[in-house]
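J.: One line per chain: the protein sequences are H and X, in this order. First residue of the first sequence? That's 8 in my numbering, and the numbers climb one at a time after it. First residue of the second sequence? That's 8 in my numbering, and the numbers climb one at a time after it.
What the hints contain is simulated information worked out from the structure, not anything from laboratory work. Where hints are given, some of them may not hold.
Unchecked claim - Quick list of in silico lysine-lysine cross-link-like pairs, DSBU-like style, CA-CA up to 35 Å:
id: 1; chain 1: H; residue 1: Lys161; chain 2: X; residue 2: Lys162
id: 2; chain 1: H; residue 1: Lys134; chain 2: H; residue 2: Lys161
id: 3; chain 1: X; residue 1: Lys209; chain 2: H; residue 2: Lys109
id: 4; chain 1: H; residue 1: Lys162; chain 2: X; residue 2: Lys109
id: 5; chain 1: X; residue 1: Lys112; chain 2: H; residue 2: Lys135
id: 6; chain 1: X; residue 1: Lys109; chain 2: H; residue 2: Lys135
id: 7; chain 1: H; residue 1: Lys112; chain 2: X; residue 2: Lys134
id: 8; chain 1: H; residue 1: Lys112; chain 2: X; residue 2: Lys109
id: 9; chain 1: X; residue 1: Lys161; chain 2: H; residue 2: Lys162
id: 10; chain 1: X; residue 1: Lys112; chain 2: H; residue 2: Lys109
id: 11; chain 1: X; residue 1: Lys109; chain 2: X; residue 2: Lys209
id: 12; chain 1: H; residue 1: Lys134; chain 2: H; residue 2: Lys209
id: 13; chain 1: H; residue 1: Lys161; chain 2: X; residue 2: Lys135
id: 14; chain 1: H; residue 1: Lys162; chain 2: H; residue 2: Lys209
id: 15; chain 1: X; residue 1: Lys209; chain 2: H; residue 2: Lys112
id: 16; chain 1: H; residue 1: Lys109; chain 2: X; residue 2: Lys162
id: 17; chain 1: X; residue 1: Lys161; chain 2: X; residue 2: Lys209
id: 18; chain 1: X; residue 1: Lys161; chain 2: H; residue 2: Lys109
id: 19; chain 1: H; residue 1: Lys162; chain 2: H; residue 2: Lys135
All of these numbers come straight from a predicted model, not from anything done at the bench.
Number of protein chains: 2
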Amino acid sequence: MARILITSGPTRQYLDPVRYLTNASSGRMGAALAVAAIDQGHEVVIVSGPVSVDYPSAARLIPVVTTDEMLAASTAAFADCDGAIGAAAPCDYMPRFIQTQKIAKTGEPLQLELVETADVVAMLGQKKRPNQWVVGFALETEDRRFRATVKLEKKCCDLIVSNGPQAIDSNENDVELINREGAVIASIHGDKEHVARELMSKISEQLS
Amino acid sequence: MARILITSGPTRQYLDPVRYLTNASSGRMGAALAVAAIDQGHEVVIVSGPVSVDYPSAARLIPVVTTDEMLAASTAAFADCDGAIGAAAPCDYMPRFIQTQKIAKTGEPLQLELVETADVVAMLGQKKRPNQWVVGFALETEDRRFRATVKLEKKCCDLIVSNGPQAIDSNENDVELINREGAVIASIHGDKEHVARELMSKISEQLS
Numbered sequence: 008m009a010r011i012l013i014t015s016g017p018t019r020q021y022l023d024p025v026r027y028l029t030n031a032s033s034g035r036m037g038a039a040l041a042v043a044a045i046d047q048g049h050e051v052v053i054v055s056g057p058v059s060v061d062y063p064s065a066a067r068l069i070p071v072v073t074t075d076e077m078l079a080a081s082t083a084a085f086a087d088c089d090g091a092i093g094a095a096a097p098c099d100y101m102p103r104f105i106q107t108q109k110i111a112k113t114g115e116p117l118q119l120e121l122v123e124t125a126d127v128v129a130m131l132g133q134k135k136r137p138n139q140w141v142v143g144f145a146l147e148t149e150d151r152r153f154r155a156t157v158k159l160e161k162k163c164c165d166l167i168v169s170n171g172p173q174a175i176d177s178n179e180n181d182v183e184l185i186n187r188e189g190a191v192i193a194s195i196h197g198d199k200e201h202v203a204r205e206l207m208s209k210i211s212e213q214l215s
Numbered sequence: 008m009a010r011i012l013i014t015s016g017p018t019r020q021y022l023d024p025v026r027y028l029t030n031a032s033s034g035r036m037g038a039a040l041a042v043a044a045i046d047q048g049h050e051v052v053i054v055s056g057p058v059s060v061d062y063p064s065a066a067r068l069i070p071v072v073t074t075d076e077m078l079a080a081s082t083a084a085f086a087d088c089d090g091a092i093g094a095a096a097p098c099d100y101m102p103r104f105i106q107t108q109k110i111a112k113t114g115e116p117l118q119l120e121l122v123e124t125a126d127v128v129a130m131l132g133q134k135k136r137p138n139q140w141v142v143g144f145a146l147e148t149e150d151r152r153f154r155a156t157v158k159l160e161k162k163c164c165d166l167i168v169s170n171g172p173q174a175i176d177s178n179e180n181d182v183e184l185i186n187r188e189g190a191v192i193a194s195i196h197g198d199k200e201h202v203a204r205e206l207m208s209k210i211s212e213q214l215s
């Protein structure tokens with residue numbers, strides 16, 4: 008049995024004390040993967056951004072807000088894990104400058120310079136020891152399979168799960184699991200609980 | 008007894024199909040106000056952005072996503088109401104351009120031009136008939152009372168509730184209710200249910 012890190016949910020990147028950039032990730036896929044992993048006898052650590060979903064109480068939960076916090080918590084937790092599944096949708100841009108007071112409206116446009124945040128899964132992929140594995144998720148609106156394969160390579164993942172934007176904040180998902188050779192080793196469709204069980208079985212089969 | 012429109016929760020302004028700008032408004036204050044208003048015998052229509060809070064089933068609920076949708080739904084609903092309480096935190100900036108496909112990361116900074124969205128409470132304030140009333144909310148990080156009074160005037164409100172950023176996504180709130188003369192007619196502190204009941208009593212007393 009393995010100890011598995013699951014990142015889950017969105018992160019937030021604040022512009023000022025009130026406004027932030029994020030996405031609609033609900034944490035449901037991460038929660039379903041955690042349940043499936045625990046049911047299959049694994050130990051689970053979840054690093055999650057702000058969500059209203061319930062995670063299984065048998066998992067250890069580390070709540071975070073920003074992408075940097077998710078990176079720090081995930082890197083620390085990964086050191087003691089056999090593998091990681093990056094089901095989170097970390098906010099990948101952040102304002103270059105964060106205002107300490109609420110930005111007052113002036114009637115004029117606001118120019119915002121966004122810079123890329125750290126890539127959590129890529130950092131785990133780079134840091135993994137030979138006996139550790141990393142499964143990424145790729146959410147793309149076009150050229151899904153091709154872009155997922157590029158991401159797998161770039162982020163040093165062992166497997167990548169390709170899905171579309173309709174997965175976000177939905178009860179259902181429609182995914183392809185792609186290996187390092189770029190081959191689709193599973194196509195799974197259904198509610199997130201079903202998809203999570205099938206994914207966990209395939210991941211265990213391929214990586215343990 | 009009155010028919011009251013309550014706007015509640017945050018709105019979202021998308022940059023592309025995945026990323027959006029928002030705030031952490033939970034809808035709890037709006038839900039608590041709806042419960043208090045119904046308990047006091049009023050009829051309630053709620054126009055709410057995406058939240059996970061439960062609204063009372065006795066209220067009519069109109070779900071929206073963007074600030075423009077909140078404006079359209081609120082303007083339409085307000086025509087049949089005696090008054091409106093703007094407890095929502097509509098996202099007040101939106102990207103000038105919305106990308107139809109997910110923006111791909113390039114490693115370079117992203118320049119985002121944000122323009123102001125319509126001000127929902129100000130539009131209701133401008134449109135109100137002589138027998139209608141509008142109560143606004145002002146969330147400020149500095150000069151709270153002064154800025155709330157300016158907002159009351161600018162948005163043609165009859166009363167304004169001043170609170171701070173610690174109100175967001177919290178169970179508690181600490182508010183001042185300010186009238187058109189700039190006088191603080193109530194200072195209320197406690198859980199949002201208590202604050203909502205006290206606010207509804209004061210609003211009824213002042214405006215009906």
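J.: Please go over all the hints and tell whether each is borne out by the structure.
T.: Hint check:
no., hint, verdict
1, H:Lys161 <-> X:Lys162, "violated, 51 Å"
2, H:Lys134 <-> H:Lys161, "holds, 13 Å"
3, X:Lys209 <-> H:Lys109, "holds, 28 Å"
4, H:Lys162 <-> X:Lys109, "holds, 19 Å"
5, X:Lys112 <-> H:Lys135, "holds, 24 Å"
6, X:Lys109 <-> H:Lys135, "holds, 29 Å"
7, H:Lys112 <-> X:Lys134, "holds, 22 Å"
8, H:Lys112 <-> X:Lys109, "holds, 28 Å"
9, X:Lys161 <-> H:Lys162, "violated, 51 Å"
10, X:Lys112 <-> H:Lys109, "holds, 28 Å"
11, X:Lys109 <-> X:Lys209, "violated, 47 Å"
12, H:Lys134 <-> H:Lys209, "holds, 23 Å"
13, H:Lys161 <-> X:Lys135, "violated, 57 Å"
14, H:Lys162 <-> H:Lys209, "holds, 20 Å"
15, X:Lys209 <-> H:Lys112, "holds, 30 Å"
16, H:Lys109 <-> X:Lys162, "holds, 19 Å"
17, X:Lys161 <-> X:Lys209, "holds, 22 Å"
18, X:Lys161 <-> H:Lys109, "holds, 19 Å"
19, H:Lys162 <-> H:Lys135, "holds, 11 Å"
Comparing the model with each numbered hint stated earlier shows that hints 1, 9, 11, 13 do not hold.
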